[in-house]
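**Student:** The residues making up each chain are set out below.
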Amino acid sequence: MTKFEDELRNNNFVCSYCTKCQHFVWPTSDCCNKCLGDVIWKQVSRKAKLVEVSSKDEKYFCIAEFEGNIRVFGTLLENLPPQHDQSLILEKCGYDKSPKFVFKTV
Amino acid sequence: MKKVAIVASGIIKFNKSEKPLESLMLSSIRPIFENTKNLKQEDVDVVLTSTNANRNYLANIISELSGIKPKISHSVESLCNSGTNSLVSAYAYVSSGLADVALVTGADKAENPGLVLHWDMSRGEYQHPIFWSSMFTSAHMRKYGTTLEDLAYVSVKNHKNALDNPYAYFEKSFSLDDVMNSKNLAENLRLLDCSMPCDGAASVVICSEEKAKKFTDNPVWISGIGQKTISASFTKNNDLASMESTKSAVGDAYHMSNKTADDIDVVELHDAFSICEIIELEDMGLCQKGQGSKFVRDLYDTNNNKVNPRGGLIGAGHPLGATGIAQVIEIYQQLSGNAGKRQVCNAKTGLVHNMSAGSTSSTVLVLES
Chain A
9 MTKFEDELRN NNFVCSYCTK CQHFVWPTSD CCNKCLGDVI WKQVSRKAKL
59 VEVSSKDEKY FCIAEFEGNI RVFGTLLENL PPQHDQSLIL EKCGYDKSPK
109 FVFKTV
Chain L
14 MKKVAIVASG IIKFNKSEKP LESLMLSSIR PIFENTKNLK QEDVDVVLTS
64 TNANRNYLAN IISELSGIKP KISHSVESLC NSGTNSLVSA YAYVSSGLAD
114 VALVTGADKA ENPGLVLHWD MSRGEYQHPI FWSSMFTSAH MRKYGTTLED
164 LAYVSVKNHK NALDNPYAYF EKSFSLDDVM NSKNLAENLR LLDCSMPCDG
214 AASVVICSEE KAKKFTDNPV WISGIGQKTI SASFTKNNDL ASMESTKSAV
264 GDAYHMSNKT ADDIDVVELH DAFSICEIIE LEDMGLCQKG QGSKFVRDLY
314 DTNNNKVNPR GGLIGAGHPL GATGIAQVIE IYQQLSGNAG KRQVCNAKTG
364 LVHNMSAGST SSTVLVLES
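So the protein lines, in turn, are chains A and L.
Mapping of the first sequence onto this note's numbering: residues 9 to 114, in sequence order.
Mapping of the second sequence onto this note's numbering: residues 14 to 382, in sequence order.
Hints are supplied without guarantee of correctness; some may be wrong.
The calculated DSSO-like cross-link candidates involving lysine-lysine, where the alpha carbons are at most 27 Å apart (straight line), are [stated by the list, open to error]: (1) A:57 - A:11; (2) L:156 - A:112; (3) L:249 - A:105.
Hints were generated in silico from the structure; no laboratory data involved.
Go ahead and model the full structure; you've got the sequences and the hints to work with.
**Tutor:** So this is what it looks like as structure tokens:
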């Protein structure tokens, strides 16, 4: 069990971060994918941007982007079709065999 | 570097069976030795296997079962483009002079792992490939006005082409209505827009120019190779109306072969889903960006089978480790004038495009008669 998974279970999204290169390393890793140096765990903002959206069985799923470079698939709690580039907020996250992200539009 | 030619091929019908993986591979290897003049097991000094079956020591097992004692033997795995990755590795051995004759064989069973990359955390709970396909589709629809009917034409065309391929999984045609009314898997994806995982095997022999004359009068040359991996995570492809790895790989393949898209007479491209064919046609310069749908409709309306003449993955089926090699065999047969009912007139230069994991990795080959 990694800290990433543990924190997701507590509705908290953390990601590896390189203090030297000053960027989030996504997917999480033991080292920076630019300088291969050490990373720390850092809180990810709950604000996100909608990259793309579709639906299955009348429920929306989407790709959302955090911090300018962390892109994830998640569920979008909306009844109407959202707009591309729309601002989102991470409503909740979790982990059960895979990460789970749930968003709402702002 | 030495010139490298494809000189022989073997393939079995794609279906679902009880046969083990090794039997599938052997079934595609046997016709090579039965049908290729002067080719003996002792001529082969490389055996490469391509599969997603997580099978230990497979290339050595296949070597023993085939009566071959190669200098070099190992497996190559890269999800859906394992097959062309194997061929590129074999090309490197032969072109460098480390070996003269290489047998490349790929196979998979329908239930083998490889459809889902569980490592990819960015996919969250949406791990199945239908979800990345749906995202490509949403982006292309939004940017270029692609419609569900446009997508359906890809499936109708490729199933129709597969009718002339005796090794294809599907043996029936589907109308536009059949595709449009097939089960909705997502708002922009129907069941018949998807390729079908199945059992299959395909093998080729490649060799140096000096050896080629011994085995065939019609060698097909591998003149261009491009490979690019941008990531393993699907979400690293920034523009979802395009495939970054494909654009990079095809550029390298055109450069190496000194060819352009205008020179390509026949294409096998990786239509894992209908949207893939549309995007790939655009990204490989076979039509302008945003014109992929119109290009496909024109092919269908004019009975032109230059794109995916064997039916592509949608019509022929998708046994992952065999797919790339089956694509190569189709272009090999086209360029050597042995494609039967599928033959594209005067085909001299062909292209193979094979990709994996939502186009995080692509391989492109240019072949010439």
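**Student:** Next step is simple, just say for each hint if it's right about the structure.
**Tutor:** Quick rundown of the hints versus the structure:
Between residue 57 (chain A) and residue 11 (chain A) the CA atoms are separated by roughly 25 Å; this keeps the pair inside 27 Å, and the hint holds. Only pairs whose Cα atoms come within 27 Å are accepted, and residue 156 (chain L) paired with residue 112 (chain A) is accepted, the gap being roughly 24 Å. As the CA atoms of residue 249 (chain L) and residue 105 (chain A) are separated by approximately 22 Å, the hinted pair is consistent with the 27 Å bound.
Comparing the model with each numbered hint stated earlier shows that all of them hold.
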